[in-house]
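Asks: So the sequence lines, in the order shown, correspond to chains A and B.
The numbering of the first sequence is numbering that gives the first Met the number 0, which starts it at 0 and goes up by one.
The numbering of the second sequence is numbering that gives the first Met the number 0, which starts it at 0 and goes up by one.
What the hints contain is simulated information worked out from the structure, not anything from laboratory work.
Since the model is a prediction, treat every value here as computed from it, not as a measurement.
All C-beta atoms in this analysis are idealised placements derived from N, C-alpha and C, irrespective of residue type, glycine included.
Careful, some of the hints might be misleading.
Stated by the list, open to error - Sample of chain B residues facing chain A (criterion: CB under 8 Å; computed from the structure):
#1 Arg2
#2 Phe62
#3 Ala68
#4 Gln71
#5 Met73
#6 Ala74
#7 Ile75
#8 Asp76
#9 Leu77
#10 Arg78
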Amino acid sequence: MPTAVEVRDLKAWFGKTEALHGINMSVEAKHATAVIGPSGCGKSTFIRCLNRMHETNPEAKAHGEVKVGGEDIYEMPAVDVRRKVGMVFQKPNPFPTMTIYDNVAAGLKLNGTHNRKVLDEVVEHSLQQAALWDEVKDLLKKKSGASLSGGQQQRLCIARALAVSPEVMLMDEPASALDPISTAKIEDLIFELKQKLTIVIVTHNMQQASRVAEFTGFFLMGNLIEFDKTEKIFTNPSDKRTEDYITGRFG
Amino acid sequence: MTRIRFHQELDELKHRILAMAGMAEQAVDLSVQAYSQRDPVLCQRVIASEAGINRAEREVDEFAIDLLAMQQPMAIDLRFILAVIKINADLERVGDQAVNIVQRVMNMIELPPSELPVDIPAMATRVRAMIRDALRSFIEGDPELARHVLEADDEIDRLNHEAFAALSRYMQSEPNGAVQALDALSIARNLERVADHATNIAEDVIFWIRGADVRHGAGQQTAGS
Numbered sequence: 000m001p002t003a004v005e006v007r008d009l010k011a012w013f014g015k016t017e018a019l020h021g022i023n024m025s026v027e028a029k030h031a032t033a034v035i036g037p038s039g040c041g042k043s044t045f046i047r048c049l050n051r052m053h054e055t056n057p058e059a060k061a062h063g064e065v066k067v068g069g070e071d072i073y074e075m076p077a078v079d080v081r082r083k084v085g086m087v088f089q090k091p092n093p094f095p096t097m098t099i100y101d102n103v104a105a106g107l108k109l110n111g112t113h114n115r116k117v118l119d120e121v122v123e124h125s126l127q128q129a130a131l132w133d134e135v136k137d138l139l140k141k142k143s144g145a146s147l148s149g150g151q152q153q154r155l156c157i158a159r160a161l162a163v164s165p166e167v168m169l170m171d172e173p174a175s176a177l178d179p180i181s182t183a184k185i186e187d188l189i190f191e192l193k194q195k196l197t198i199v200i201v202t203h204n205m206q207q208a209s210r211v212a213e214f215t216g217f218f219l220m221g222n223l224i225e226f227d228k229t230e231k232i233f234t235n236p237s238d239k240r241t242e243d244y245i246t247g248r249f250g
Numbered sequence: 000m001t002r003i004r005f006h007q008e009l010d011e012l013k014h015r016i017l018a019m020a021g022m023a024e025q026a027v028d029l030s031v032q033a034y035s036q037r038d039p040v041l042c043q044r045v046i047a048s049e050a051g052i053n054r055a056e057r058e059v060d061e062f063a064i065d066l067l068a069m070q071q072p073m074a075i076d077l078r079f080i081l082a083v084i085k086i087n088a089d090l091e092r093v094g095d096q097a098v099n100i101v102q103r104v105m106n107m108i109e110l111p112p113s114e115l116p117v118d119i120p121a122m123a124t125r126v127r128a129m130i131r132d133a134l135r136s137f138i139e140g141d142p143e144l145a146r147h148v149l150e151a152d153d154e155i156d157r158l159n160h161e162a163f164a165a166l167s168r169y170m171q172s173e174p175n176g177a178v179q180a181l182d183a184l185s186i187a188r189n190l191e192r193v194a195d196h197a198t199n200i201a202e203d204v205i206f207w208i209r210g211a212d213v214r215h216g217a218g219q220q221t222a223g224s
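Chain A on its own, in the form it takes in the complex (with noise of 0.2 Å):
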């Protein structure tokens, strides 16, 4: 199975305080790999160092290797690194004052596409892709993207970022603000979205994680404890560490 991301030795300092401590992992391609963790045990940071969004902090910084695509990301532009990882987060943030069909090509625009025809196509695949396109397609230009509802705000920023054709989705607790409705359609679409790109997502939710991964890194204290199958993590855990987080006898 091919690595979509290569991460080697990773540290992450919140000014001197190190919030990672030299983290392994190898991310399947076109699979969802779930992190989880207590909180403050480093899983954000971990995956906000997969596309630099980390060092957008003044007090941070990270050391260490990420290959997305076997690229260093470390040492490609942050806008090129951008693109290749989309990234959604908790909040939905759509641009509040643009329209849908905004929103969506925001991206494209940014890196220079301004041809109508490309523009409208890409804007009708992503919504498509983000399963939204049936519920918005008649108010693309009509309706700003805070006008939507969470559920459809969030879809809406995962449509936004597959817009630029990204390798990867980072994906940092994009149901937790949603009622059980939105979360199940945002499951759903993990599943779409993975027969194309490669999902990290960070979840408190362990059910979540189960359902929606195939493979899951447990975090405590900035350090990963264990990465498996799912099903193992869920059912027979190696390390005592893991066992006692996700059975509730610590955390």
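Knowing the structure of chain A, use the given hints to seat chain B on it.
Replies: Structure of chain B alone, referenced to chain A:
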């Protein structure tokens, strides 16, 4: 420690299945006693106990399914509940085997006693030890003890084959005792089935503690590691 209530409920589930195990174990003990003493009253006690075992089986299943649905258990907790559901079914079948035994005993009581070439009480002692050890391995979460139960099953199979051979010969040489021999043959087979259920329970304990599936001889190394 978090999820305190959930872990209290797991303890409660264990208490409930152990109470049921006590009933099933007692039914086997009484059925063997009924055989040795040719006692119809003991036979009736075993038959009367079946309803309680069946009721307990339904209650344990219901409780376990509620925990699965409401608590979304993981890892060793998930394996524990799955093991309990399977052990529960085995214990109910142990109760059924005890009833089968006393039904044969009631047949035998109707006929004059005869010297059958089979030592049912000796076989029963070994089978009861297997059940006791299987349950102790469950109580203590001891996969090593469970592995010994698996090993003991071969001996019971051997005794059952010996009983079959001896009783077959007896039926040929003593046609008048054929009915009693057939009853004894069935009882030996019932005891052998009880041993099989003890084996299943031991396998479930290994699955619970080690996450290893050792059924049908698979993963014996894991069972012992």
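Asks: It remains to establish, for every hint, whether it holds in the given structure.
Replies: Against the structure, the hints come out as follows:
no., hint, verdict
1, Arg2, "3 Å, holds"
2, Phe62, "18 Å, violated"
3, Ala68, "12 Å, violated"
4, Gln71, "5 Å, holds"
5, Met73, "4 Å, holds"
6, Ala74, "5 Å, holds"
7, Ile75, "6 Å, holds"
8, Asp76, "5 Å, holds"
9, Leu77, "6 Å, holds"
10, Arg78, "7 Å, holds"
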